[in-house]
Amino acid sequence: MILKGTAHKYGKNVDTDVIIPGRYCNLIDPVELGKHALEDLDVNFVKKVKPGDLIVADTNFGCGSSREVAAVALKGAGVSGVVAKSFARIFYRNAINTGLPIFECVEGVDGIKDGDTITVDAANGVITNESTGKTYSATQMPPFMQDLIAMGGLLRYVEKRLVEKSK
Amino acid sequence: MARPMTMTEKILAAHAGKASVAPGDIISIELDLVMANELSAAVAITEFRKIKGADKVWDRSKIALVPSHFTPNKDIATATLSKMMRDFATEHAIENYFEVGRGGIEHVVLPENGMVGPGETIIGGDSHTTTYGGIGAFATGVGSTDIAAAFATGEMWLRVPHSIKIVFENGLRQYVSGKDLILRAINELGVDGATYAALEFTGPALKDLSMSGRFTMANMSIEAGAKNGIFPVDATTEAYCAAVGKKNYTIYHADKDAEYTQTVVIDCAKIEPQVAIPWLPDNTRNASDLHDITVQQAVIGTCTNGRIEDMRQAAEILKGRKVHPSIRAIVIPGSQKVYMQCIKEGLVETFIEAGCVVSTPTCGPCVGGHMGVLADGERCISTTNRNFRGRMGHVKSEVYLTGPYVAASTAVAGYICGPEELQAKVPA
Ligand code: SF4
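Here the protein sequences line up with chains A and B, keeping their order.
The opening residue of the first sequence carries number 102 in this note's numbering; numbering runs sequentially from there.
The opening residue of the second sequence carries number 692 in this note's numbering; numbering runs sequentially from there.
Think of the hints as simulated: they come from the structure by calculation, not from any bench.
Worth double-checking, as some hints may not be accurate.
Unchecked claim - Listed next, with one range per pair, are the computed distances between beta-carbon atoms:
#1 B:Lys-1035 with A:Pro-131: 17 to 27 Å
#2 A:Thr-233 with B:Glu-786: 41 to 51 Å
#3 B:His-944 with A:Lys-235: 33 to 43 Å
#4 A:Pro-244 with B:Gly-881: 25 to 35 Å
#5 B:His-944 with A:Gly-234: 20 to 30 Å
#6 B:Thr-941 with A:Lys-268: 44 to 54 Å
#7 A:Gly-234 with B:Glu-879: 41 to 51 Å
#8 B:Ala-934 with A:Asp-215: 50 to 60 Å
#9 B:Asp-983 with A:Gly-112: 43 to 53 Å
#10 A:Asp-215 with B:Thr-985: 31 to 41 Å
#11 B:Glu-1036 with A:Thr-240: 31 to 41 Å
#12 A:Lys-149 with B:Lys-1010: 49 to 59 Å
Positions of the beta carbon are idealized from the N, C-alpha and C atoms, including for glycine.
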């Protein structure tokens, strides 16, 4: 899978309250959630984001609440992936479980400016900044997590477990 | 010989059916309890229904469903989410469904009903599920898809966390509580200082800490990014278990030579009442340094500080005093049990005489939901756990985190103020 789009760059500790504020947590529909993605951090984000665009952020992206709708809202807004120096742990799990591709890459974040065009070769974790021509490699996920993603997310894995357990 | 293990590692190994585990191992654990509230449950139920082969939940006695965030429902959308959870509870005959009027905020309700215990593994569709580490359980927050999976299998995959030890030396000063200790610890670690890690709280100061204070501290472990925060099990823990009817639990102690990636020593004798200022919980100051900050609202309650001991601390300050004319003070007991106890002890009378609103148990303002949402430019002193931008309402409103003593003192003074200073200014 190749992700390609404009990088929208943000700083450290982008928390789930700004990714999707509590006042919208009564929504379930990804598209409706997406209309409010990052609203409290950058009111213009939903106006400028185009399908396929990526978020590029500093450390501890997604810190705060366990709200899975944070990952869902970003997908709903058209975001194809998030590149950050590090992720908060619940967001990391939620992204894997809901199928939002995420990449940990310190140099990549430093080498990408807001508005740059980037591509990510998801399978190999290779990030290319098309605006500068430079490439970076993201941290490899442990094999179990790669399997989860390859399987199509946590629920498919659960179905397999249920079959195993019933034997 | 088996590898020496921390408390968290021992609990995880036992629940993974292994003799030992090490940080970084990816394991699958058996769960003792799976919790969800109306927000996380609504999404989890939708996901659960998509799982082929999952027509029943794995164990209807080991699931707890607690309406708490926007309840009693504030509008049609939240009523719909609550209804989804209620219908699911009926359909699957979930034994522990705490209807409005019989429960309160999840993390206050579960411990007081004897539903969490030492050595257990608990996951919840809420990041503050870490609260149950206060009783010596491994407890962590997850998203709704993880909850759906656990409903079906009673299992969860996880990466074994490395452990960070926090040692609290010496005794606590007057008017210093668990909230002040954890705000200091988060300040030392930073909001991502414990990402993926287990925090293990130890040290001589723990003997001064009630279960209430320990729950407060474990609750906020997530504010340093931790996977879980855990307290050793001692006489205080066992007395609490006996009082709430928790039986059949296993006590695990960390091995003496267990490995910690970091040890942080905090001298409690030096800690005075703390306040975390916007926009992060690690932005901690001494309350005594913040006098020029006036606030318009005070919130006392929530899963962090909504237990009876917190209510008593607030009442101790408010007794015989009045809330400042320019402040709205909102007191929210964390559960129906706490609410009833407040009535029996005369605390509700104290609050109302002082000029506070006393609300039915709910998360309410903590998440900017209802019962005290802030307007543009307003500031709130609050016993909650997050002061992120827009957390309690308008994106330009501000939340200052503290314990019940400072919140109540500030409500009287009109500006951020500790109990000692209040006593000098406004004697009760
Ligand atoms: S009181 Fe606040 S932090 Fe606690 S569970 Fe409710 S919304 Fe979450």
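Verification of the supplied hints:
no. : hint                                  : in the structure
1   : B:Lys-1035 with A:Pro-131: 17 to 27 Å : violated, 47 Å
2   : A:Thr-233 with B:Glu-786: 41 to 51 Å  : violated, 59 Å
3   : B:His-944 with A:Lys-235: 33 to 43 Å  : violated, 51 Å
4   : A:Pro-244 with B:Gly-881: 25 to 35 Å  : holds, 30 Å
5   : B:His-944 with A:Gly-234: 20 to 30 Å  : violated, 56 Å
6   : B:Thr-941 with A:Lys-268: 44 to 54 Å  : violated, 29 Å
7   : A:Gly-234 with B:Glu-879: 41 to 51 Å  : holds, 42 Å
8   : B:Ala-934 with A:Asp-215: 50 to 60 Å  : holds, 56 Å
9   : B:Asp-983 with A:Gly-112: 43 to 53 Å  : violated, 28 Å
10  : A:Asp-215 with B:Thr-985: 31 to 41 Å  : holds, 37 Å
11  : B:Glu-1036 with A:Thr-240: 31 to 41 Å : violated, 54 Å
12  : A:Lys-149 with B:Lys-1010: 49 to 59 Å : holds, 54 Å
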